[in-house]
Amino acid sequence: METTIEKTKKLTGSKAMIQALEQEMTIDDSIFIMGEDVGKYGGIFGSTTGLYSMFGKERVMDTPISETGFIGAAIGAAAEGLRPVVELMFVDFHGVAMDQIYNHMAKIQYMSGGRVKLPIVLMTAVGGGYSDAAQHSQTLYASFGHLPGLKVVAPTFPYDIKGMLISAIRDDNPVIFMFHKTLQGLGWMDQLEASLGEVPENAYAIPLNRAKVVKQGKDITIVGAQMMTVEALKAAEELAKKGIDAEVIDLRSIKPIDKETILKSVAKTHHLLVVDEDYLSYGITAEISAIVASEGFNSLNAPIGRLAIPDVPIPYSRVMEKFVIPNSEKIVEAVLKIVTV
Amino acid sequence: MFINDCGHFLPLQALVILYINFSIMNNIRKKDLLWMYRVMKTSRYFEERMEKAYLEGKQPVFNIGAGPVPGEMHLSNGQEPAAAGMIVHLTKNDTVTATHRPHHEAIAKGVDLKKMTAEIFGKKTGLSKGKGGHMHLFDPNVKFSCGGIVGAGIPHAAGAALANKKRNTNWVAVAFIGDGATNTGAFHESLNLAALWKLPLIVVVEDNSWGISVAKKDSTSVPFNCIRAKSYDINGYYVKKNNPIEMYRDSKEAIDRARNGEGPSIIEIQTDRYLGHFQGDPEFYRNKDEVAALRAKDPIEKLKKKLIKESYITVQELSTIDSLIIKEVDKAYEFAKHSEYPKPEEALGDVFC
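For the protein sequence lines, the chains are A and B, in the order given.
Residues 1 to 341 in UniProt numbering are what the first sequence lists, from first letter to last.
Residues 1 to 353 in UniProt numbering are what the second sequence lists, from first letter to last.
Just to be clear, a hint being listed does not mean it is correct.
[Said to hold, decoys possible] With a cut-off of at most 20 Å between alpha-carbon atoms, the simulated SDA-like pairs for lysine to any residue come out as follows:
| no. | chain 1 | residue 1 | chain 2 | residue 2 |
| --- | --- | --- | --- | --- |
| 1 | B | Lys52 | A | Trp188 |
| 2 | A | Lys57 | A | Ile27 |
| 3 | B | Lys58 | A | Glu260 |
| 4 | A | Lys57 | B | Arg286 |
| 5 | A | Lys40 | B | Lys52 |
| 6 | A | Lys40 | B | Pro282 |
| 7 | A | Lys322 | B | Lys124 |
| 8 | A | Lys322 | B | Asn63 |
| 9 | A | Lys322 | B | Arg259 |
| 10 | A | Lys322 | B | Val351 |
| 11 | A | Lys218 | A | Trp188 |
| 12 | A | Lys40 | B | Tyr341 |
| 13 | B | Lys343 | B | Thr125 |
| 14 | B | Lys217 | A | Gly56 |
Just so you know, these hints were derived from the structure itself, not from any lab.
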């Protein structure tokens, strides 16, 4: 249930995260945060700023660079009934601790026949576009979405960021909460309008399994998440000038994926383009294409379009990075190949 | 110094050993001392230029993605003694792995300076044709690599050491890491392997007291990693006060042992990070006076004074060396700036060979 509350404030993505954490930690003593530089520094991407001074070092814990250790410890603490919120700075760093995540965090609920619950939120930053190269620029939605037992969310706008982080904290399952660096509204990155939005001051929860139509349209459905949603909205404005009325869906949840919203939209527009900042093969574009091809095939008037990183690591040099990450121009180009004006 | 029994290591004892060590330091060959000076100075000047180049296009409003050198930038100003004192003993056949803060080691290992600079500027003429960037420098010609994941280079160095041993060479492998990396699983697993198989591996821990914003004392259960060396039954050394000469001596001993089949060592050097974790780091976690105090004991200036005072070199000769360094580094920057960018579609190459 999405509830709207009248009193709102303009917040950035990172401030929306902080507010969600603060409000939930205030009402639930079992919640604690741990991760690298989450304490005094306040999170490299500003997701915990101020919480250390508010809640103290017992509840906002700086960790050593012992990633298998502290992510594994979150599992142990959660099994004992605490509700750890763990941050691992960049999604790229998860390789180090992946066994704890994919063999343990994701499977213990199942392997225990539902007897052990792991209410963990694992927060991490995704995204490229600022030349941080191959080991700091990935958007690994699919690597986590592939694994049964993990909920994976990737909200775009501050309103959804706050509401979905609250839901993630309240959820008794492990939730991978991906936030996009460029959408955090950080002073040292690109300044985007999308990183600022009206956010209700009270706590509210947004379901972890619902996509959202962020622009209505009738000619083609464009599905994206985070920066790809932002680029799709930009593309939609360009397309409107060419007489194409695009509908844009912000995925918000990678897993579970909201088939209903996508199928309903394609039934209306008869055309589909899926855009992803993750790699092309076996990713979101493949998953959504498969869903629509098998469950909405008759709605389609043209082959499905897929835009994603073309199966190469993210290159450092700006010209090459720009070439591999989808943007609004590439979206417009792709749409024009699908929809005949 | 070699810490024989870490469990009883006391600061007072350390001072006594330090004093004895200083009194015999004149054994070092002039050639090596000058090499170390040249490398440290080159690295420092290279990074001072980089600090400026990095800010181009990022002022007055800082934007990490803007300017000729976009992305994160981790500079090693202050940490040069670690690289110089160790790599002075290495040859082209020895392997070095480094971290996200790699320039001082890359320069010491003899990575092509022009190509390295061009890589950092994202140019086609760079070491990796612009694909790697400053955190991912690879120069197989001099067996140098580095990477952006903390601790990840240690097992790679252990693997190089394994290859050296299998092929019956006396080549060694050196993994440079920060003190933060000593808390990764990779550190402990690699050291156990290396100790078990008596690999010619040396792990150099650059202890700059900080893992981004978290102080060493808040992240590491022991004050010195030589204590951990004991648990692997290997040699552990602790170099105090960012001293390149002590680093030289301990490195020599560790390398000699490794070349003689006596197995791995850990050398931890107390060193200083003058700048933030990355350029643009607000650094509100440490006092500004701390950095000023560190700069006041700069190891390059100290070495320079020593070289002159002890008549290794004249002021005139040293200034000739300095101007040659400036010329070489400036040439590398000119080369980088005037090189072409890759074509966008070149992004698709090199995924497979």
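Pair hint outcome, A:Lys40 versus B:Lys52 [Cα-Cα no greater than 20 Å]: violated, 28 Å
Taken at face value, is the distance from the CA of B:Thr125 to the CA of B:Lys343 at most 20 Å? holds, 12 Å
With the threshold set at 20 Å, check whether the alpha-carbon distance from A:Lys322 to B:Val351 stays at or below it. holds, 17 Å
A:Lys57 and A:Ile27: Cα distance at most 20 Å? holds, 18 Å
Is A:Lys40 within 20 Å of B:Tyr341, Cα to Cα? This hinted pair is violated, its Cα atoms lying about 40 Å apart.
Given hint B:Arg286 paired with A:Lys57 - CA-CA distance at most 20 Å: holds, 18 Å
Keeping to a limit of 20 Å between CA atoms, is the pair of B:Lys52 and A:Trp188 held or broken? Roughly 17 Å separates the two Cα atoms, so the pair holds.
Within a Cα-Cα threshold of 20 Å, do A:Lys322 and B:Asn63 meet the stated pairing? holds, 17 Å
Is it true that the CA of B:Lys58 sits at most 20 Å from the CA of A:Glu260? Roughly 45 Å between the alpha carbons, so the hint for B:Lys58 and A:Glu260 is violated.
For the pair supplied as a hint, A:Lys218 and A:Trp188, is the alpha-carbon distance within the 20 Å limit? Distance ~38 Å between A:Lys218 and A:Trp188 Cα, so the pair is violated.
20 Å Cα cutoff - pair A:Lys322, B:Lys124: Distance ~15 Å between A:Lys322 and B:Lys124 Cα, so the pair holds.
Regarding the pair A:Lys322 and B:Arg259, is the alpha-carbon distance no greater than 20 Å? Between A:Lys322 and B:Arg259 the Cα gap is close to 47 Å, so the pair fails against 20 Å, i.e. violated.
Going down the numbered hints, you'll see the structure goes against 3, 5, 9, 11, 12, while the others check out.
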